[in-house]
Amino acid sequence: MPGVKPYDEMHAEDGSVREHYRAFASWLARTPSDRVAQKRAEADSLFHRVGITFAVYGEEAGTERLIPFDIVPRIIPAREWQQLAAGLKQRVRALNAFIADIYHGQEILAAGRIPAEEVLTNGHYRPEMQGIDVPGSIYAHIAGIDVVRAGAGEFYVLEDNLRVPSGVSYMLEDRRMMMRLFPELFARHSVAPVEHYPDLLLENLRSVAPPGVIDPTVALLTPGACNSAYFEHAFLAQQMGIELVEGQDLYIEDEFLYMRTTRGPQRVDVIYRRIDDDFLDPLVFRPDSMLGIPGLLTAYRSGHVTVANAIGTGVADDKSIYPYVPEMVRFYLGEEPILANVPTYVLRRKEDLDYTLAHLSELVVKEVHGAGGYGMLIGPTASRAQIEQFRERIVRSPEKYIAQPTLTLSACPTFVEAGVAPRHLDLRPFVLSGKDVTMVPGGLTRVALCEGSLVVNSSQGGGTKDTWVLET
Amino acid sequence: MLSRTADHLYWMARYTERAENLARMLEVNSRMSLLPQGAEIVEQGWVATLTIIGLLDAFRQRYGAVTPTNAIAFLVFDRDNPQSIYSCVRAARENARAVRGTLTSEIWETINGTWLDMRVAGMRSSSDAEVGNFFDWVKHRAHLTRGVIQGTMLRDEAWHFAWLGTYLERSDSTARILDVKYHLLLPRGEKVGGAADYYQWSALLHSVSAFEIYRRVYRDLITPRRVAELLVLRDDMPRSIRRCMSQVHTHLMAVRNAHSAETERRAGELQASLHFGRIEDIFDIGLHEYLMQFMGRTRDLGERVSRDFLVSAAD
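Protein chains in written order, with the numbering used here: chain X, 1 to 472; chain H, 1001 to 1315.
Misleading hints may appear alongside valid ones.
Said to hold, decoys possible - Which residues of chain H face chain X? A few of them, derived with a C-beta cut under 10 Å, are:
no., residue
1, 1003
2, 1034
3, 1040
4, 1044
Claimed, not checked - The following residues of chain X were derived to be distant from chain H, with all beta-carbon distances above 12 Å:
no., residue
5, 79
6, 159
7, 206
8, 207
9, 220
Since the hints were derived computationally from the structure, they do not count as laboratory data. For clarity, every value in this text was computed on a predicted model and none was experimentally measured. Beta carbons are placed, not taken as given, at the ideal position from N, Cα and C, and that holds for glycine.
Chain X extracted, bound-state conformation (with noise of 0.2 Å):
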């Protein structure tokens, strides 16, 4: 923020480059710019010819955009990587048993480590998943965990993701550009591999399959190819071999799940959906849904299907919830948290609500069911009059918001049409959940493109970087 000066993931305080980045440093140094300007407008068209873009809502129909691509990686060394590693499976597993808890004998509300109304009235809750026994009691088979890192170095979690998180096609794609650019960077780097993230994907899905299926049929369930997420749907189902499938494919016979092929109907026993849960089952949750399949629930509380992630996980993800994630790890792990949160001020908390109001241009608002960086407040470069306007908001309904200091993201060198300068980023790396709790090493790293901007959605003008774990 104004007047701190960020961590900069290349440089250390003295202006020296610290040794993780100094292969590419000084590869940088000696590649001629004009070299570079090439390989980055062949990026482009590269993304371009294999369509690599998403639709934009809100514009012309079937608009599509490309995230902007950069070329310069995001390095994290491998003692640093293992601790972000162990630290963010330590989470999704507390998650994950915080779920379960929720949906049968919520020990922790009787515990009184997390207000009850706080999980019973919120909107992500689910009634309809009390009492259901899901394979192996994993209900976010697939978390994307937003990590920031602040001022003096340290790593923070940002955000969960245990609904539908998406990003990881760029994760993979930018390997695979960054690959096709510039293979002598990979010969002088030992970069850990991210590739097989399909497969694991794959078998941590099958692994999950209702009991007795011998070898589950797995499909992916997607909205349609007007889905800003299409490319990644298509992209996924096609890398594991599977099915992508929409609702109109499916229907519910008998209480299993079917899509109709061109042999007839074929059984699925593993639905990976990329749909939100309001729209999986138009006889239990929205009546107008046109993307859901008519009885899913039903067979799913059979037992029949799997569904992954499981409906209801965004009683975890929520933001109202995730100031007592730390409290989660503790009451079912026994262990202390190995990442941190980011100081949150809850509204609804009087006090917090005081505190909040008084230092709000200080501060980052969020509305607690807000994504994509809509309906949020950054305190510090708003206006007075954005100020006074959130602030009313605030007061009509506290609970609503939270709030939290505003973070100095770290910062990493990035192409911009001025040259090469530092822009804020995060990290969003994928845990699996299912047999085992497994990730691959890496995740998507999203920047921040416009000078000072701390927003890296993509729907916001954020690009994306290949993200290198080194393995020694």
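Fit chain H to the supplied structure of chain X, relying on the hints for placement.
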């Protein structure tokens, strides 16, 4: 495989083939327009083309006078005309996009690349010479698409549905190309065999890449009867109706299911009639009547394929 996926693959292939065949048809017309002849005859050629693809009324409503420039504008780049080359390329790409997970990445990149270039081409206004190059380009991209399907795709149902679409579309199109010529000549009752006639028949042969083949097969003058025989009945002629129908039958048998018996029978019957057919008998019926009847039967097959395989039958 999913019925919806099969449907997209089938239409992806049909639209790719349709774009190419339209380019071929327009190319032959453009060639014919270059012959020394009156504006009225040129106009007749375009009227015949528009009639045969069923768009004459739609064209008249939007453009009025039938001129080569108008006709090309309507059939090539008009994005409001769902049958223009532009729209066909877009439809092929939209269908491919809907099932890109089923395609190899090379197929997707080829079809997407064609569309991206098409969009750029659609923004420029083209001179006559450029239009000629453009038709060549459309053909080349279609060759490339088929080549990459042939060279990279697993021989599974998806592959069969793509070819089923390709050959059904092509058989229909060869019939139409031949019929345009019929519209063009016979109503005027001009004597068969004149110089203009020669150029018209040879332009037609060129449009289906059959000029050199004709020379090799017949080593003789170009006569309407032989042209018709080549394009309808020859099994070794890659764009002939018989060749296409035998491919349709092969790919249909590869994907047959519990509902498709009657469709298989009809395809087999049609194939047999081409196999044992004689050009004399076709001319006795009248080439135009024969072709109209044939187009009716391919339309029926297309509808049956949709019903048996492509729309969800499992309710």
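Against the structure, the hints come out as follows:
no. : hint : in the structure
1   : 1003 : holds (5 Å)
2   : 1034 : violated (36 Å)
3   : 1040 : violated (43 Å)
4   : 1044 : violated (39 Å)
5   : 79   : holds (37 Å)
6   : 159  : holds (29 Å)
7   : 206  : holds (18 Å)
8   : 207  : holds (22 Å)
9   : 220  : violated (8 Å)
The structure fails to meet hints 2, 3, 4 and 9 from the earlier list, while all remaining hints are met.
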